[in-house]
Amino acid sequence: MLQLQTYLLLLLTGIMWGGVYLLMASGLNLIYGVMKVVNLAHGDFIVVAGLLAVSLYGAFRAGPALAIPVATLLFLLVGGLIYRGLLARVETTAPQGELRTLLITFGLSSIISNIALLIWGGQYQSVPFFQSAVHLGALFFPESLLVSSLLAFALAFAVQLWLTRTRSGRLVRATAQSELGAASCGLNTGRIRLLTFALGAAMAGAAGALTVVLIPVQAASGGFMTVQAFTLIALGGLGNYLGALLAAILLGVIEVSSSYFLGASAASAVIYVIFILVLIVRPQGLLGQRGRI
Amino acid sequence: MPELLQLQQVSGGYHGRTVVHEVSLSIAEGEAVAAVGANGAGKTTLLRLIMGQLPPSGGQVFLAGHDLGRLPTFERVRLGIGYVPEGRALFPEMTVEENLEIGAYRASRTELRQRLAYIYQIFPRLQRLRQTRCRLLSGGEQQMVTVGRALMTQPRLLILDEPSTGLAPRVVGELYQALRALHASGLTVFVVEQNAYAALRFAQRGYVFEDGHITRVAPASELLHDPRLVESYVGRASPMASS
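First to last, the protein sequences are chains G and A. With this note's numbering as the guide, the letters of the first sequence map in order to residues 1 to 293. With this note's numbering as the guide, the letters of the second sequence map in order to residues 294 to 536.
Only chain G is shown next, with the shape it has when bound in the complex (with noise of 0.2 Å):
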């Protein structure tokens, strides 16, 4: 019966990881699947949506209700902006096109990443919010991690029906599938990676601000989380949603239950043998072409 509870705990905590890591991972999944652009700052945007977070705490004692929206609106415009000045000026078309804005994301991501050093330093920083834990039955589950992974699915879902039953969604998954088809039907295909790249960072912003509660970050963070994202949306079929929220789920479960039975640095080991193997045996992720964007 213990054992029974055990497996219970486990499989509930790894499915409520899985919403945050798909929270974390949503943006990149947004990004890459409308602009097939690997956005290697992703990560940077996430710790410092987090930090900004945990100075706001500071100097406020604002929790995630303020730290969220605006972090959310703060990268919406640094999205806009940094799609407007670096990505839109670099030929996607091109042979090169996808190495070129892969060459730009890694080296925001440094440039991010270090005067995040500058401003907060190099120590992990968390904000001490939702400290509680919450009991359902007999189980016990950190109240950090189920507000966290509600919010998340919340959003996650939010986007799949924007994505699905809204006309500027529409507009949006078509030029993911085709955007010489796009084009061809009169649609502004440069607005529309304008709007996607800034609707990805914002996205990144509020789960940065959001998860901070769960998980500290410091400067450095973001390259670690962009790799953990990037496993994450390859497992699902990059830019496919559906795929991404059951490769969250699965990688939540089987982060958690190795962890429980194994360890924590092997854990995280287990998640880049499931992502070399997912390269070797399934290239094209769990579902393939289904429930693409």
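Worth flagging that the hints you see were computed from the coordinates, not collected in a lab. Note that this is a predicted model, so its numbers are computed, not measured. Every residue, glycine too, gets a C-beta built ideally from N, C-alpha and C. Misleading hints may appear alongside valid ones.
[Stated by the list, open to error] A partial selection of chain G residues facing chain A, derived with a Cβ cut-off under 10 Å:
| id | residue |
| --- | --- |
| 1 | Gly97 |
| 2 | Arg167 |
| 3 | Ser178 |
| 4 | Gly181 |
| 5 | Gly186 |
| 6 | Asn188 |
| 7 | Thr189 |
[Claimed, not checked] Estimated spans, in silico, between C-beta atoms of each pair:
| id | chain 1 | residue 1 | chain 2 | residue 2 | range |
| --- | --- | --- | --- | --- | --- |
| 8 | G | Gly263 | A | Gly309 | 54 to 62 Å |
| 9 | A | Leu429 | G | Phe106 | 18 to 26 Å |
| 10 | A | Gly432 | G | Thr164 | 21 to 29 Å |
| 11 | G | Phe157 | A | Gly309 | 46 to 54 Å |
Got chain G sorted already, so can you dock chain A onto it with the hints?
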């Protein structure tokens, strides 16, 4: 007749290599024109230059007398050029109707319904397939969606890049039948084809394209009966030749 599309000494290519050399051509309002030539003659590049997919290295493109300059593709579409690109460029995960609707995404609801009805009248098969995802359609059906989607933008000029590629001869016949009907209703059509026989039987006038140059302009019927041309582009290369 007034010129709808005019190219003046347009050149262009990729990475410093010129593929299209100082091409001048003109298409009058209401005309059906074909450009034929072998694979690699620069036909697709020419259309990419017309559509603003590629910046020209020289020359000008005019639509109804206005220099299109460096306008991006979507602006050219809004000005009235319907574009059926090579390889179709459909939205594969969307249904037939969703694809068509995006072609008229700026139209009002009533307007949208009217345009859809028009497309279903031209391609009745699409009405039956309206809820099917485009990825699941046959090549011919996909080509119909692409043409239909371009028509949803309400073009004055329809430009098609190799519409018969990969289609069975019977399907090519059906497609050109539809183009004939569209032309008869007043639409100006410019088609670029390797399948010279099908294109020249449809068009009134033909341009012959060789190594990025226009080498001949003549009435289509004349080109169809030119033994040299028939030998090089029509002859055995086309499965339609015997029918």
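A quick look at each hint next to the structure:
Restraint check, G/Gly97 versus chain A: the minimum CB separation of about 13 Å is more than 10 Å; hint violated. A hinted interface residue such as G/Arg167 counts as satisfied when its beta carbon comes closer than 10 Å to some beta carbon of chain A; here the least separation is about 7 Å, so the hint holds. Interface hint at G/Ser178: satisfied, since its Cβ lies 5 Å from the closest Cβ of chain A, which is below the 10 Å cut-off. Hint on G/Gly181 holds. Least Cβ distance to chain A is approximately 4 Å, under the 10 Å limit.
Using the Cβ-Cβ criterion of 10 Å, the hint placing G/Gly186 at the interface with chain A is satisfied: the shortest such distance is roughly 4 Å. Interface hint status for G/Asn188: upheld, as the beta-carbon distance to the closest one in chain A is roughly 5 Å, under 10 Å. This hint holds: G/Thr189 has a C-beta 7 Å from the nearest C-beta of chain A, less than the 10 Å allowed. Hint check: G/Gly263 to A/Gly309, Cβ distance near 57 Å, so the stated range 54 to 62 Å holds.
Distance hint for A/Leu429 and G/Phe106: a CB-CB separation of about 39 Å, inconsistent with the stated range 18 to 26 Å. At roughly 27 Å, the beta-carbon separation of A/Gly432 and G/Thr164 lies within the given 21 to 29 Å, and the hint holds. Separation of G/Phe157 from A/Gly309 is about 49 Å and conforms to the stated range, judged on CB atoms against 46 to 54 Å.
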